[in-house]
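Protein chains in written order, with our numbering: chain A, 1 to 357; chain B, 1001 to 1357; chain C, 2001 to 2357; chain D, 3001 to 3357.
In short, the hints are calculated from the structure, not lab data. What you are looking at is a predicted structure, and each value in this text was computed from that prediction instead of being measured. Honestly, I wouldn't trust all of these hints.
[As the list claims (entries may be wrong)] Per label pair, the in silico range of CB-to-CB distance:
#1 C:Q2051 x D:V3317: 49 to 57 angstroms
#2 C:T2275 x D:Q3057: 26 to 34 angstroms
#3 D:E3099 x C:S2172: 51 to 59 angstroms
#4 D:R3201 x C:S2172: 39 to 47 angstroms
#5 D:S3052 x C:T2275: 29 to 37 angstroms
#6 C:Q2051 x A:D61: 36 to 44 angstroms
#7 A:A98 x B:E1251: 29 to 37 angstroms
Every residue, glycine too, gets a C-beta built ideally from N, C-alpha and C.
There are 4 protein chains.
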Amino acid sequence: MSNTFGKIFSITTFGESHGAAIGVIVDGCPAGLEIDEAFIQQELDRRKPGQSKITTQRKEDDTFKILSGVFEGKSTGTPIALVIENNDQRSKDYSHVAESFRPSHADFTYEKKYGIRDYRGGGRSSARETAARVAAGAIAKLFLRKSEIEIYAYVSQVGEIKTPHYTELDLSKTETNIVRCPEAAIAEKMIALIDEVRLQRDTIGGLVTCVIKKVPVGLGEPVFGKLHAALGHAMLGINAVKGFEYGSGFEGTKLRGSQHNDEFYNDGERIRTKTNHSGGIQGGISNGEDIYFNVAFKPVATIMQDQQSVNKEGNEVTVSGKGRHDPCVVPRAVPIVEAMAALVMADFLLLARSSKV
Amino acid sequence: MSNTFGKIFSITTFGESHGAAIGVIVDGCPAGLEIDEAFIQQELDRRKPGQSKITTQRKEDDTFKILSGVFEGKSTGTPIALVIENNDQRSKDYSHVAESFRPSHADFTYEKKYGIRDYRGGGRSSARETAARVAAGAIAKLFLRKSEIEIYAYVSQVGEIKTPHYTELDLSKTETNIVRCPEAAIAEKMIALIDEVRLQRDTIGGLVTCVIKKVPVGLGEPVFGKLHAALGHAMLGINAVKGFEYGSGFEGTKLRGSQHNDEFYNDGERIRTKTNHSGGIQGGISNGEDIYFNVAFKPVATIMQDQQSVNKEGNEVTVSGKGRHDPCVVPRAVPIVEAMAALVMADFLLLARSSKV
Amino acid sequence: MSNTFGKIFSITTFGESHGAAIGVIVDGCPAGLEIDEAFIQQELDRRKPGQSKITTQRKEDDTFKILSGVFEGKSTGTPIALVIENNDQRSKDYSHVAESFRPSHADFTYEKKYGIRDYRGGGRSSARETAARVAAGAIAKLFLRKSEIEIYAYVSQVGEIKTPHYTELDLSKTETNIVRCPEAAIAEKMIALIDEVRLQRDTIGGLVTCVIKKVPVGLGEPVFGKLHAALGHAMLGINAVKGFEYGSGFEGTKLRGSQHNDEFYNDGERIRTKTNHSGGIQGGISNGEDIYFNVAFKPVATIMQDQQSVNKEGNEVTVSGKGRHDPCVVPRAVPIVEAMAALVMADFLLLARSSKV
Amino acid sequence: MSNTFGKIFSITTFGESHGAAIGVIVDGCPAGLEIDEAFIQQELDRRKPGQSKITTQRKEDDTFKILSGVFEGKSTGTPIALVIENNDQRSKDYSHVAESFRPSHADFTYEKKYGIRDYRGGGRSSARETAARVAAGAIAKLFLRKSEIEIYAYVSQVGEIKTPHYTELDLSKTETNIVRCPEAAIAEKMIALIDEVRLQRDTIGGLVTCVIKKVPVGLGEPVFGKLHAALGHAMLGINAVKGFEYGSGFEGTKLRGSQHNDEFYNDGERIRTKTNHSGGIQGGISNGEDIYFNVAFKPVATIMQDQQSVNKEGNEVTVSGKGRHDPCVVPRAVPIVEAMAALVMADFLLLARSSKV
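Please model the entire structure based on the sequences and the hints provided.
Next up, the structure:
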């Protein structure tokens, strides 16, 4: 069941890049939730291809249809199945992939693991599958609104260009530019870099930072169910992700305990911490401060250049990028990161209902 | 079931730092495996407290007893229960924790989540729980030997002091010094730094790098069951971990696709990649190259200095470190990282038995 | 995740009786299996409504579409999504159900549990959902053919009319009559009884017996994963089922151990038992003899008669059956029982791949 | 993970009949529950061997030790590990089993599945494992008391001797006699029959009926998570069980819908049903009426008579019962049935917390 994620609020996705459709079943969504279809579409639109000059030119409407689980506009507690048809497949672009393995793609490993693969557009390993997650994540977001939890992801780095710490940014500005960076001046540089890389027929990586605000204290389970471990699992399951860090992250390893510890104080209303190197999570459980984490995305593997590879017979061949691809994945990854974060938070909100007698 | 990890080769751990005992049930270990108890003890000894001047002075024998699942020296396919008694509890060292919340510990979050907590030594949130994982991981390692898979973890960074890339190290040297760094000269500097920090009554963080060699092609499942996502989940579930990256990791985000892609070639025996930015995993599935990843550990939260905090009544108080603690967690984290890696690999080896008809 | 069944070969179903569609995702089907679509359709046709005078007159084509997971006719190891559109909904037949609770239906319990329900045709609680299971079960059957496992279900009782023990029947005759009883003379009596009951605007219950042949020794897991417990769980999850017994079942409780025990002998090729009160399962694990079990179905709850009930406001009302319903569910339950049995066996075949080192 | 049961309130058991110990980890017990150790012991005493002339003469104290998860008398939300040492092993009684397969035991199937087995006392397949379930079930019962749910199991049949329907019995009388039948006159006949069978060196089967009262409306999940399917799974996982039926069960299949349907009425306080053929569950969800079900136990396989069998080499041999065994399992099965029922109900109570937004 590697295509299922979550314990109570859980999703199961299906679909290949160039198959008939992709989709998702959301099981465990509590009954009585208003399912705002316009909002789901809006989230899908944030992820869909062909949005701007710095994303792939594949055109997909990414319109969805709900097949079950919603009655008179509300969730009924039964599985919500949601399907997105694939329209703009140009499978013939991929005939060259049928016999050869593209470098740093999943062609080789799928071939060896299964002995068969749908090579068209990467098949199941395509990031197209994440549209299903975004749709499911939109439903999770609707549920989180009931608890006032807010999720903000944005592009914090492209190549070497990076933003300052999230506390110095206005996160409401993220959607004001095509690279989804809340700082306009930095966004411009990022866009210029991506465009430059695109013209070089190359690609580049980057970071997405995600901030979760107004989290109640007590979400997360000890030991193997730590909240940040679940968030990490969720993020590492997104295509092209190479790393995850939360709170002080990798840099925090260089600090002394006396610098890193978050002292508690009472702000009059509730217990807070003066600093937040913990990233809102202590011992795997939310402490009420902002949760924040970084997700590292490698440069997109498909480049419009010749590369050395081998074919199924083991002979060395040259492969060159075809099809329509993103020069940098992070702008479109923003809604995906938010969706996976929303799914984790929704699940842990429900799990926390069983913490006490 | 947040205390259970794994789908087929699975473990469930129990126990508090100062309770009667800690332990683990290994369910799903295939029958017929020789259970080398001396090896399990040896692994536990690598993790146990009191090994050297740079680790906590708590003395625990960490001797274990197998209660079930092994007959005439071999696994029988039934659950292997393994118990480690707690001996050297000095619970009175922790009476100050009963009423107050130590900064950057789990005291506050457990209290709020459960309304009750075993405060002695951190209770369930103590890293003492990881002894159970090391014992289970030793059994997983015994199983992996059948497939010749090898796991090498080591300390790659303490504070700002770091080793070169693993390919430039002799990983057989890791156990030759107390900090578990394979490069003697760097190890000395690390030890000096930890000792200095200890004398300052402070603590410091670091990195553990793990390398997995001779992995068969085809381990890992698509989408949510990606091999690196499972490894990340496993590592992020270890106490004090703040980040995980594999292959090129966070640094790789700065590269171009043309630099980052791993071109395939045929070495005569099998298909290989010229570089290994992928860290041995493509599309979530092992490709036969070395798997390698970094795990970031924050500085230990318990410092021997006064800190501001609040108590259960919400009043501000001063807490100061007592008990016996590690100035730096990474040397003892090495066998824990290996154990969790072994558990993941054992589980995915078994899952892979169902990939094809 | 109550809509998911199975550990490795697992299914997740969705859909309401009068919604847009029902369907299923099969996750964990091994790669390389030829997906015979004609066979899947044939299985769906065995279950579909409107087959004969003794079944409901609702007309559904029950044609399906595979959306993913199959490439060039074979399973690829990725999720197989299969959708069946609902065509012949006559939802207005159910407007009376919106406000009142039909006796012995799920109207009342869904209303109280969720606070909202899709009342049209019973919504999610309708047996229409089982079409998805039959489709998935057909895929499981295709997989079982590789191991030569054969599954035969048939109607063994309607009201008081019953067949002799399965060993006295020719199970290849089951499909030769509309009631699906392999003994022609008894089948005629059953059909006459069902027809009589139908004319009385009433319904009647019955038994389905299932026999699984050529099962390899060693399927089933100890303790909570016993093969018969999984089969029981599967059968009790079918609509209208009230009981499950395997081997000697309830009658066996009256025997002495000396009568009931199955003595072993060696038939020259392999170890067999002289009798088979164990029903092919000992200690939860298959022993190579025929597995057989009975599944008890209550009389269909919808009758074409006036009944006392209450409405959502708690006032007493009279409800009378409308819509199109089966006078007896067992003939159409035969393929459902086979499908669920096939899903259990497929899953345990894969689980057994991990029994030994 | 076949040794784990439950989704939120879950248990994992371990241990062989003649190993060092048996035990259980209860994971997911909500925090703040008073753990009444005397009550747990009392439940274990109801199951323990050597209670009377009609049970096995093996003497086990069955005293337990809690190793974790309880602090100052209350559950902390962390895993509760509970261990029962084995004392009165007479393993040499079983040396004859090492080489031969006892009829209708699990010797043969374990040997074939695993290639190795702990033959002493049946090893893992021994009903001794159920002591761990009874201990865990006692904790579940303590939790259920908070919701006022009450569970009553009793012996309703031994051989052909049976009680009337539960509604005609005084269930508070169950513990007044050694066979655990609430009707004294019938109990006497049952005891006489068991004693007679015992003197014949034979065994006999029987039924346990279980009644669950004061169940809130809304427990149980649709489709594969039906409450009765989970109860059936739980019961079929108990050693020697051959069948499960709830409500009208197998007999109900002979009724007409007009006889079987449970009409609703309003008793002034809440909606009730006039009859209860549904056994308190409709569409897999509790409706607030009594839940009741029967569990069929076969005659104990170990008889003190010579039987034909084969040994590991496939040669035919005679085996004769040794060791200490029950002539009839049902009196001691009563607390086991209650324990498993309590575990299911506790889990579904917690699952139901997530039904609504």
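With 29 to 37 angstroms as the target window, see if A98 of chain A and E1251 of chain B comply at their CB atoms. holds, 34 angstroms
Given the range 49 to 57 angstroms, decide if the beta-carbon distance of Q2051 of chain C to V3317 of chain D lies inside it. holds, 53 angstroms
Range hint 39 to 47 angstroms (beta carbons of R3201 of chain D and S2172 of chain C) holds or violated: holds, 44 angstroms
Take the C-beta atom of S3052 of chain D and the C-beta atom of T2275 of chain C, compute their distance, and say whether it sits inside 29 to 37 angstroms. Holds - the Cβ-Cβ distance for S3052 of chain D and T2275 of chain C, about 32 angstroms, lies within 29 to 37 angstroms.
Looking only at beta-carbon atoms, does the pair Q2051 of chain C, D61 of chain A fall within the given range of 36 to 44 angstroms? Between Q2051 of chain C and D61 of chain A, where Cβ atoms are some 40 angstroms apart, the hint holds.
Would you say the C-beta atoms of E3099 of chain D and S2172 of chain C sit inside 51 to 59 angstroms of each other? Check failed, 41 angstroms falls outside 51 to 59 angstroms.
Is 26 to 34 angstroms respected by the C-beta to C-beta distance linking T2275 of chain C and Q3057 of chain D? Since T2275 of chain C and Q3057 of chain D have Cβ atoms about 29 angstroms apart, the given range 26 to 34 angstroms holds.
This entry does not satisfy hint 3, going by the numbered hints stated previously; all others are met.
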